[in-house]
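Quick note: the sequence shown uses numbering that gives the first Met the number 0, first residue 0, plus one each step.
It should be emphasised that the hints constitute simulated quantities derived from the structure, not laboratory data. Keep in mind it's a predicted model, so treat the numbers as computed, not measured. Treat each hint with caution, since some may be false.
[Claimed, not checked] Pair by pair, the computed Cβ-Cβ distance ranges are:
1. G10 <-> I192: 47 to 57 Å
2. I210 <-> P111: 39 to 49 Å
3. S45 <-> E130: 23 to 33 Å
[Unchecked claim] Computed cross-link-like contacts, EDC-like style, restricted to lysine to aspartate or glutamate with a CA-CA straight-line distance of at most 20 Å:
4. K28 <-> D11
5. K28 <-> E9
6. K28 <-> E8
Yeah, the Cβ is synthetic: ideal placement off N, Cα and C, and Gly gets one too.
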Amino acid sequence: MGVYLAVVEEGDFSAAARRLRMTPSAVSKIIGRLESRLGVRLLQRSTRRISLTAEGSTYAESARRILNDITEAEIAVQPGAEPRGRLRVSLPSAFGHRLIVPMLPAFIDRYPAVELELMFTDAIVDLLAEETDVAVRVAAHSDSRLVVRRLAPNRRVICASPRYLERHGMPTTPDDLQGHICLGVTARGGLNIWEFDGPDGLQSMRIRSPIEANSTEALRRLALAGIGIIRMSEILVGPDIEAGRLTALLTGYNHPDGAPICAVYPPGRILSPRVRVLVDFLAEQFANPPWLHGAA
Numbered sequence: 000m001g002v003y004l005a006v007v008e009e010g011d012f013s014a015a016a017r018r019l020r021m022t023p024s025a026v027s028k029i030i031g032r033l034e035s036r037l038g039v040r041l042l043q044r045s046t047r048r049i050s051l052t053a054e055g056s057t058y059a060e061s062a063r064r065i066l067n068d069i070t071e072a073e074i075a076v077q078p079g080a081e082p083r084g085r086l087r088v089s090l091p092s093a094f095g096h097r098l099i100v101p102m103l104p105a106f107i108d109r110y111p112a113v114e115l116e117l118m119f120t121d122a123i124v125d126l127l128a129e130e131t132d133v134a135v136r137v138a139a140h141s142d143s144r145l146v147v148r149r150l151a152p153n154r155r156v157i158c159a160s161p162r163y164l165e166r167h168g169m170p171t172t173p174d175d176l177q178g179h180i181c182l183g184v185t186a187r188g189g190l191n192i193w194e195f196d197g198p199d200g201l202q203s204m205r206i207r208s209p210i211e212a213n214s215t216e217a218l219r220r221l222a223l224a225g226i227g228i229i230r231m232s233e234i235l236v237g238p239d240i241e242a243g244r245l246t247a248l249l250t251g252y253n254h255p256d257g258a259p260i261c262a263v264y265p266p267g268r269i270l271s272p273r274v275r276v277l278v279d280f281l282a283e284q285f286a287n288p289p290w291l292h293g294a295a
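Input sequences plus hints: build the corresponding full structure.
The following block contains the structure:
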């Protein structure tokens, strides 16, 4: 597999042989034996270049993953070995930009051999299908294929800007929201059900919004501009409330508990050292949440 990947990556038998300190004929024989054993042609050879067949491309992906697993297994049993390699991380857009990214310089300083690939999306990424190592999510989890590590609780608050309240008035009960502009989250129905503590226990209200977005940061900015009322994680709007840019509403009614902040990753008999150190680092950071200190 290692010889085959060297040929694929170099695009040439001679270059692969130099990299592996082998003769070109030895490399060619190994690839020939591999194709013979598999019963398929992996490479199309010509006088000028080598290209992969469809089977060759599939085999290269699997071989790369298997060899990476072998490397991870060897690192995992070496005392004091430095975590290294590429780490693909999925982050919610607003939450990732405003809170996770400011944490990362300390992680990079601590683990310089770990290469980060950050993907920002508010969609729930299929980690196995997308070959993503770790995702940080602010959502309930129903995928039993994943390992979930809770990082921190998550409180939701209802708020609006002073400008909006001057123009539309202050809601004093949950029923008053029917006459207000509430900003909703596109394609995430659960976030458009606002929960309240009432005399008869927990009550739910599905808000109907004339304005929706699939980005919590967009909704926050619309609320700051006086467009409407939002219900959002305190970690995102807490600094705005503290600074007076937003005003918390219905505090006597709002049921604050939301889905916790979690790190999720695919299971495995051996946890990748780079995954382990990132998840441990995030847990350490969330033990002293940055939004308690006025994250901007």
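Right, here's what the structure says about each hint:
1. G10 <-> I192: 47 to 57 Å: holds, 54 Å
2. I210 <-> P111: 39 to 49 Å: holds, 44 Å
3. S45 <-> E130: 23 to 33 Å: holds, 31 Å
4. K28 <-> D11: holds, 14 Å
5. K28 <-> E9: holds, 17 Å
6. K28 <-> E8: holds, 18 Å
Of the hints listed earlier, there is not a single one the structure fails to meet.
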